[in-house]
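Q: Respectively, the protein sequence lines represent chains U and X.
Be aware that the first sequence starts at 1, since it is given in our numbering, and climbs by one per residue.
Be aware that the second sequence starts at 1, since it is given in our numbering, and climbs by one per residue.
It is worth saying that the hints were derived from the structure and are not from the lab.
There's no promise every hint is true.
[Stated by the list, open to error] Capping the alpha-carbon separation at 20 Å, the derived lysine-lysine pairs in PhoX-like fashion look like this:
#  : chain 1 : residue 1 : chain 2 : residue 2
1  : X       : Lys340    : U       : Lys164
2  : X       : Lys69     : U       : Lys175
3  : X       : Lys69     : X       : Lys94
4  : U       : Lys158    : X       : Lys264
5  : U       : Lys164    : X       : Lys246
6  : X       : Lys186    : X       : Lys94
7  : U       : Lys237    : U       : Lys7
8  : X       : Lys186    : X       : Lys175
9  : U       : Lys158    : X       : Lys197
10 : X       : Lys175    : X       : Lys197
11 : X       : Lys159    : X       : Lys246
12 : X       : Lys258    : X       : Lys48
13 : X       : Lys186    : U       : Lys158
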Amino acid sequence: MFNKSFKGLSTALISIIAGFIVGAIAMLVFGYDPLQNYQNLLVGSLGDIYSIGETLRNMIPLILTGLGFAVASKAGFFNIGGPGQYLMGWFGTIAFALHFSQLPGIILIIGALLCGALAGGIWSLIAGVLRAYFGTSEVITTIMLNYIALYFVNFAVKNWLAAKGSDSSPNIARKASLNTHFLQELTHNSTFNWGFFIALVIVGLVWIYFNKTRSGFEIKAVGINEAASKYAGVNVKRTIVIAMLLSGVLAGLGGAIDGLGNFQNISVSNNLPNVGFNGMAVALLAAENPIGIVFAALLFSALQIGGLSISVYSNTPSEIVEIVIAAIIFFVAIKYVFERFLKKSWLTRKQQAKKEGADK
Amino acid sequence: MKKKVMAFLAATMMVGTILVGCGNNAATNKGTKHSAALVTDGGGIDDKSFNQSAWEGLQSWGKSHNLQKGLNGYNYAQSSDDSDFLPNINKLIKAKYATIFGIGYKLDNAISSAAKANPNTNFAIIDSVVTGHKNVASVTFKTEQSSFLAGVAAAETTKTNKVGFVGGIQSDVIKTFEAGFKQGVKAVNPNIQVDVKYAGSFTKADVGQSLATAMFNNNEDVIFHAAGGTGAGVFTAAKNSAKNGKKVWVIGVDQDQKADGAYKGGNVTLASAVKKVGTAVKDLSNQAMKNKFPGGKVVTYDLEDNGVGIVNDNMSASAWKVVQSYQQKIKDGTIKVAAK
Chain U
1 MFNKSFKGLS TALISIIAGF IVGAIAMLVF GYDPLQNYQN LLVGSLGDIY SIGETLRNMI
61 PLILTGLGFA VASKAGFFNI GGPGQYLMGW FGTIAFALHF SQLPGIILII GALLCGALAG
121 GIWSLIAGVL RAYFGTSEVI TTIMLNYIAL YFVNFAVKNW LAAKGSDSSP NIARKASLNT
181 HFLQELTHNS TFNWGFFIAL VIVGLVWIYF NKTRSGFEIK AVGINEAASK YAGVNVKRTI
241 VIAMLLSGVL AGLGGAIDGL GNFQNISVSN NLPNVGFNGM AVALLAAENP IGIVFAALLF
301 SALQIGGLSI SVYSNTPSEI VEIVIAAIIF FVAIKYVFER FLKKSWLTRK QQAKKEGADK
Chain X
1 MKKKVMAFLA ATMMVGTILV GCGNNAATNK GTKHSAALVT DGGGIDDKSF NQSAWEGLQS
61 WGKSHNLQKG LNGYNYAQSS DDSDFLPNIN KLIKAKYATI FGIGYKLDNA ISSAAKANPN
121 TNFAIIDSVV TGHKNVASVT FKTEQSSFLA GVAAAETTKT NKVGFVGGIQ SDVIKTFEAG
181 FKQGVKAVNP NIQVDVKYAG SFTKADVGQS LATAMFNNNE DVIFHAAGGT GAGVFTAAKN
241 SAKNGKKVWV IGVDQDQKAD GAYKGGNVTL ASAVKKVGTA VKDLSNQAMK NKFPGGKVVT
301 YDLEDNGVGI VNDNMSASAW KVVQSYQQKI KDGTIKVAAK
């Protein structure tokens with residue numbers, strides 16, 4: 001167990017370093033100064049209290065969409081529906097907060113968050129049920145559900161929430177916001193909000209769920225071998241549905257917290273939110289370990305927030321950060337290839353040794 | 001294996017440090033006059049449309065005052081997601097830019113809250129009206145006027161009496177294009193059909209292409225697009241049709257899009273309904289520099305002050321003449337174009 005997570009950690013670190021090196025090479029090739037840019041990136045993400053607040057806030061949706069992806073992935077499913085579930089969660093929360101704005105603050109917040117989580121959950125549940133009972137590939141259904149979510153939310157915002165002619169809903173009441181005056185003062189007007197602590201609690205809950213509960217164990221078992229779990233008495237169909245539901249609830253909660261804490265409203269969007277996809281990258285880098293996801297989210301968040309500084313303080317285009325992120329993911333991905341290759345050659349060598357032993 | 005990796009790392013680091021020695025430092029300007037920066041709304045500064053036009057305006061302002069890109073000069077911050085708006089604005093404030101532009105109505109919330117927290121910085125929002133702050137100038141364009149002229153150009157050019165309109169997202173701003181275009185077409189010939197389609201996005205060239213292809217197949221021979229990056233697909237569809245021997249035209253938007261219509265053997269850009277966001281950015285930066293920033297006010301650009309207009313790319317001489325006469329009538333006030 002320890003050995004396994006240590007191995008995961010070292011491959012992640014190697015991938016990160018390799019990613020930064022690729023970014024540096026790209027900068028050198030195009031005539032930009034990598035050291036200066038990496039310094040700007042660091043200062044821009046963690047250099048002062050404002051930037052730290054911004055980086056921590058940006059971690060929230062990355063953590064939650066990352067966890068969402070990880071839960072489905074543990075059960076052996078590739079849930080690409082993160083962006084759609086995040087969007088549904090964001091919409092559900094804002095709709096609730098606007099509709100029940102007369103409720104007292106804390107009840108309003110809890111209700112809105114639950115509504116958002118539920119909206120995300122329902123969205124992935126559709127894919128889960130289709131997968132469990134009809135065998136439909138969850139990869140395809142979740143991709144398609146992303147687009148349905150995007151256009152449904154655009155339609156709903158435009159026709160139900162926004163004032164006539166406007167493209168965005170009104171702002172939620174101040175009492176429903178997770179971004180309080182106290183935190184704003186503390187972090188020099190950053191968008192840091194209480195949602196960060198909610199996200200950390202959720203990380204703990206997910207860890208407990210996987211390591212201490214029967215249901216969590218069943219999800220892992222189904223992920224490792226569906227047929228064997230069935231034989232061992234696990235209700236596979238129910239487990240698939242639960243895994244997909246949880247996955248969507250987590251991603252939806254990401255959207256919900258961003259809605260209440262960061263945006264305070266919802267508007268018609270051009271594209272699916274990037275954070276849904278970035279969450280997948282976070283989960284992959286962390287090898288789906290809940291604790292690892294926190295650190296992977298910190299890295300990605302720092303890269304994104306710090307990356308915004310790059311074009312402000314130098315002539316380097318901020319897209320360079322995307323190259324670094326993409327390179328890290330690339331190295332994580334080829335790590336699997338690399339590992340598999342190593343394992344194979346090791347196995348064949350072992351077999352050969354065995355054979356030689358037998359020959360003697 | 002491990003040793004090799006370490007050696008590689010060390011080598012890269014060394015090369016890195018050596019090259020860094022000759023790298024240039026960030027551009028900074030001595031003798032501060034004024035600094036201005038803009039935040040994009042999701043498209044890049046090379047979107048061939050709205051954001052690019054704003055950035056070119058800011059660049060030309062900077063160059064005319066001998067400023068450089070960078071601190072104490074002019075700069076941009078690109079947003080890849082809506083959640084980047086506020087961090088981008090705050091980064092520019094921290095870098096001490098005196099005037100900050102939010103390019104596009106999507107930034108109105110972010111500009112409004114940044115303006116409240118930073119009363120000493122000038123803010124400007126394009127295509128939206130933010131009220132209640134003395135340090136925010138709102139810039140709007142009477143694009144229905146330029147779209148009216150695009151409608152006239154389309155009506156004068158069509159052979160099939162069917163023309164099309166491709167919009168980005170259905171919003172108040174884009175509706176003014178649609179309304180103006182329809183009025184222009186009907187002013188010339190009320191029997192011409194106007195087919196209106198929305199792509200639902202400003203960044204989906206593929207959707208633009210399929211919408212436009214369907215329109216051309218339906219014998220509509222002139223399409224006016226108000227769809228930003230989605231419009232690139234409209235041009236692609238037009239060029240494909242033109243290569244197959246069909247005579248079709250596209251009317252560009254925001255910038256002069258003549259270059260986008262060029263293909264081997266011709267050009268499909270009939271005209272461009274320009275919206276000079278760049279001019280607005282330049283004007284406001286100049287005013288801010290002279291301490292005359294129109295904070296708290298709504299600044300409107302129209303045909304009269306050349307904030308919007310029509311550029312003739314490939315119109316016939318007779319069509320261009322008609323367009324010019326309508327232009328005069330709008331300027332005189334004999335024709336009033338409704339925004340809705």
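Q: Next, verify each hint and record whether it holds.
A: To see whether the hints hold, each was checked on the structure:
1. Using a Cα cut-off of 20 Å, the hinted pair Lys340 (chain X) and Lys164 (chain U) holds, with the two alpha carbons roughly 13 Å apart.
2. Among the hinted pairs, Lys69 (chain X) with Lys175 (chain U) is inconsistent with the structure: their alpha-carbon atoms are about 42 Å apart, more than 20 Å.
3. Taking the CA atoms of Lys69 (chain X) and Lys94 (chain X), the gap is near 16 Å; set against the 20 Å cutoff, the hint holds.
4. With a C-alpha separation of about 42 Å, the suggested pairing of Lys158 (chain U) with Lys264 (chain X) is violated against the 20 Å cut-off.
5. A distance of roughly 40 Å separates the Cα atoms of Lys164 (chain U) and Lys246 (chain X); the hinted pair therefore is violated under the 20 Å criterion.
6. About 51 Å separates the Cα atoms of Lys186 (chain X) and Lys94 (chain X), which puts this hinted pair outside 20 Å; it is violated.
7. For the hint pairing Lys237 (chain U) with Lys7 (chain U), the CA-to-CA distance comes to about 33 Å; that exceeds 20 Å, so the pair is violated.
8. This hinted pair checks out: Lys186 (chain X) and Lys175 (chain X) have alpha carbons roughly 17 Å apart, not beyond 20 Å.
9. Simply put, Lys158 (chain U) and Lys197 (chain X) have alpha-carbon atoms about 17 Å apart, close enough for the 20 Å limit, and the pair holds.
10. Taking the CA atoms of Lys175 (chain X) and Lys197 (chain X), the gap is about 11 Å. The hint holds against a cut of 20 Å.
11. A hinted pair counts as satisfied when its Cα atoms are at most 20 Å apart, and Lys159 (chain X) with Lys246 (chain X) qualifies at roughly 12 Å.
12. Our distance criterion of 20 Å between C-alpha atoms is met by Lys258 (chain X) and Lys48 (chain X), whose separation comes to about 11 Å.
13. The hinted pair formed by Lys186 (chain X) and Lys158 (chain U) fails the criterion: a straight-line CA distance of about 29 Å is larger than 20 Å.
The structure does not agree with the numbered hints 2, 4, 5, 6, 7 and 13 stated previously, though it agrees with the rest.
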